[in-house]
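Novice: As a plain string of letters, each chain reads:
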Amino acid sequence: MVRTPVKRVAAYGYFDVSTLLALGVLEEALVGVTTPREDWHIDAVKEGMASGKIAFLGDSTAIDIERLRRQEPELVLTWDHAIIPMLDELGIPCAVTSTPTAMCLNARMRFVKFLAPFFNKQAAADAFFERVNNALIKIREKTRNAGPMPKVMWGDIYEKRVLVEPGNAWVGELIGLAESDYLFEDVFGTSCIEISIERFLYSGEDADIFFTYRTAESGATSKAAVARMNPLLADIKPITDGRVYAPLPHYSQSGHRLDEILTEIAAILHPEVYPEHELKFFRQLPETDPEARQGESR
Amino acid sequence: MTVARSNTLGACTPTGWRRPAAAFIFFGALTAALVVLNIGIGSIAFSPADILQTLIAPESGTTMSAIIWKIRIPRAIAAVLGGAFLAVSGLLLQVYFRNPIVGPFILGISSGATVMVSFVMLTTLTVGMTVISPFMTTLAAFIGAYGVMLIIVAVAYRVKSGITLLIIGLMMGYLCHAVTSILTALAEKEKIKGFVLWELGSFSGFKWSEISILLVCGGLILLLVYLLSKPLNAFLLGETYAASMGVNIRRFRILILLCACALAGMITSMAGPVAFVGLAVPHMARLVFQTSDNRILIPGVCLMGALVASLCDFIARMLLSPVELPLSAITAFFGAPIVIGLLMKRRVEL
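Taken in order, these protein sequences are the chains called A and B. With our numbering applied, the first sequence corresponds to residues 164 to 461, in that order. With our numbering applied, the second sequence corresponds to residues 341 to 690, in that order.
Each hint should be verified, as a subset may be incorrect.
[As the list claims (entries may be wrong)] Pairwise CB distance ranges (calculated): (1) E441/A - P388/B: 47 to 55 Å; (2) M684/B - F219/A: 26 to 34 Å; (3) Q447/A - N439/B: 51 to 59 Å; (4) H244/A - A361/B: 38 to 46 Å; (5) E528/B - S214/A: 23 to 31 Å; (6) C557/B - P394/A: 18 to 26 Å; (7) E528/B - G215/A: 22 to 30 Å; (8) M684/B - K170/A: 34 to 42 Å; (9) K170/A - I441/B: 31 to 39 Å; (10) Q393/B - H244/A: 47 to 55 Å; (11) H440/A - L555/B: 52 to 60 Å; (12) P394/A - G559/B: 21 to 29 Å; (13) L510/B - K170/A: 17 to 25 Å; (14) L563/B - F219/A: 54 to 62 Å.
FYI, nobody ran anything at the bench for these hints, they're computed from the structure. Remember, it's a predicted structure, so these values are computed and weren't measured experimentally. We put the CB at the ideal spot given by N, CA and C, even for glycine.
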């Protein structure tokens, strides 16, 4: 049994925490997270951790039960089923949110409505949902008569393997909705999934845009850097002649700005209908790294 | 230790050769057919005529040519060589330890490769090393696998008992696993995905340069192993017997270990850990060829290893195409029931 409104909550995932922000309860209710302070990009969380109100509970796979107990949460938002018996023993209720597997756009948009009753914030959830829904309607209207449909790939390149975002994922849906052609629409999966290199190469032959999962910190600093990850795929069109985008570090913690993220993706797909848009969540990768360019100019 | 049922060691009469010869022809043809299938069929469909044209006169710069020559053919060859090397490695270790449930990774080779790859993929040690980054994972796995192999060989010099060596190998595996677990627990989530992918093993993405290394180095080791087949037969009948036949036991033991670890380490460094082939295939080969004579069994195990790995790779690629299934899952799916069945029926002994 969970008493509402919940006053103290511990949350495992970025999406859970950013949803609390969307509901307007983060500052007052969040007391524990599973990511250390230096990895947070949400100011309210950083400040809360600095003041000691929000505690780092340890990695999600190795929760410090003592610290969790000390924080006295009234609810834990987790994806880890293994922690449930321990929480039962401590008498702490939990909600298994499974947000990492919330693949479709609808689930992402409605997740806020699932959490809202815990905090009696249904009105805030409705407002958030409306905001995202309006953003989608605007995207559809703006891109309806946009130029030619860009062909899009979304995934990641490793030394010998490739992962892609399946067609049933929210990005695939959004790309379709924004009058664009998602090249892995036929791939089905519950999360980013490995496909054959030949399929990736074949699709890459006429793709215009490639979104990589990798941030600059994990190597996506330039098109040349992405090409170096797997020389076999260095000749895909987005790398040789198209555009490659990488997420900025705060992207994965920006679920409360879902409407802006969706609009930004639409603006990347159809820059002609969003001429004023400035990128906030993604970065278009330059051809080469700054050091390489400096070397060339010398 | 007993010898397999039908043939005694070194007693291959003309009639005794018939079964192995027939098996070699049948399974050789099957393996060749699978290689053709692996080159001809993939997630992108090409007509047989186009494939033939690309094979005869490859046009550089076309995607089809790149798919056939840079992706499918190296992968098909890698599956053949990978299966053969792992199976021979497993056979050597089963003979060495006189234990039918020993595989190439029992001595911690894959754990050594895994721990080094985890250092590369899960930490920031390699940030900025852009020049060698495409080969970083392979290089790290190579260092890890061969690092463990050197430790094991060094231990083997000092320790006579096979069981002690086996236990030390297992402990090495646990140590490496502990380090990998700590690194995984501390790693950023986005890095873990790539590491998990590597751990599942695959013949995907092999380069011609790697195939050349496999062909030259692995080929030489296989040749050496075949030349050792007679002493191996003697070793199978006991160290005292082998010594009485003029085998230098200490040097021979080290040689077997070096060959087994080098073969398994080579594949693990390039493909990641591929489970069960090394453990299950020697048993399958003993069943098919009905002998423990290593002069037949070594090429037989090569052939069966190539067949099983090619088949498993085909299934991994095509079952949910274009999605790739983890190779180790397919090999285990195949290997585990076979080993269980064979051991339950006790149809296979060393």
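Novice: With reference to the structure, classify each hint as holding or not holding.
Specialist: The hints, checked one at a time:
Between E441/A and P388/B the C-beta distance comes to about 52 Å, which sits within the given range of 47 to 55 Å. Between M684/B and F219/A the beta carbon distance is about 51 Å. The supplied range of 26 to 34 Å is therefore violated. As the Cβ distance of Q447/A to N439/B is approximately 58 Å, the hint placing it in 51 to 59 Å holds. Restraint check, H244/A to A361/B: a C-beta distance of roughly 56 Å breaks the suggested window 38 to 46 Å.
In this structure the supplied range 23 to 31 Å holds for E528/B paired with S214/A, their Cβ-Cβ distance being about 25 Å. For C557/B and P394/A, the hinted distance range of 18 to 26 Å is satisfied, since their beta carbons lie about 22 Å from each other. In this structure, E528/B and G215/A meet the distance hint of 22 to 30 Å, their C-beta atoms being roughly 25 Å apart. Between M684/B and K170/A the beta carbons are some 59 Å apart, a value that contradicts the proposed interval 34 to 42 Å.
Between K170/A and I441/B the beta carbons are some 57 Å apart, a value that contradicts the proposed interval 31 to 39 Å. The hint said 47 to 55 Å for the Cβ distance between Q393/B and H244/A, and at roughly 54 Å that hint holds. Look at H440/A against L555/B: about 53 Å separates their beta carbons, and that is inside 52 to 60 Å. For the pair P394/A and G559/B, the beta carbons lie near 25 Å from each other, so the given range of 21 to 29 Å is met.
L510/B and K170/A have their C-beta atoms about 51 Å apart, which leaves the hinted 17 to 25 Å range violated. Hint check: L563/B to F219/A, Cβ distance near 57 Å, so the stated range 54 to 62 Å holds.
Hint compliance for this structure: hints 2, 4, 8, 9, 13 are broken, all remaining hints hold.
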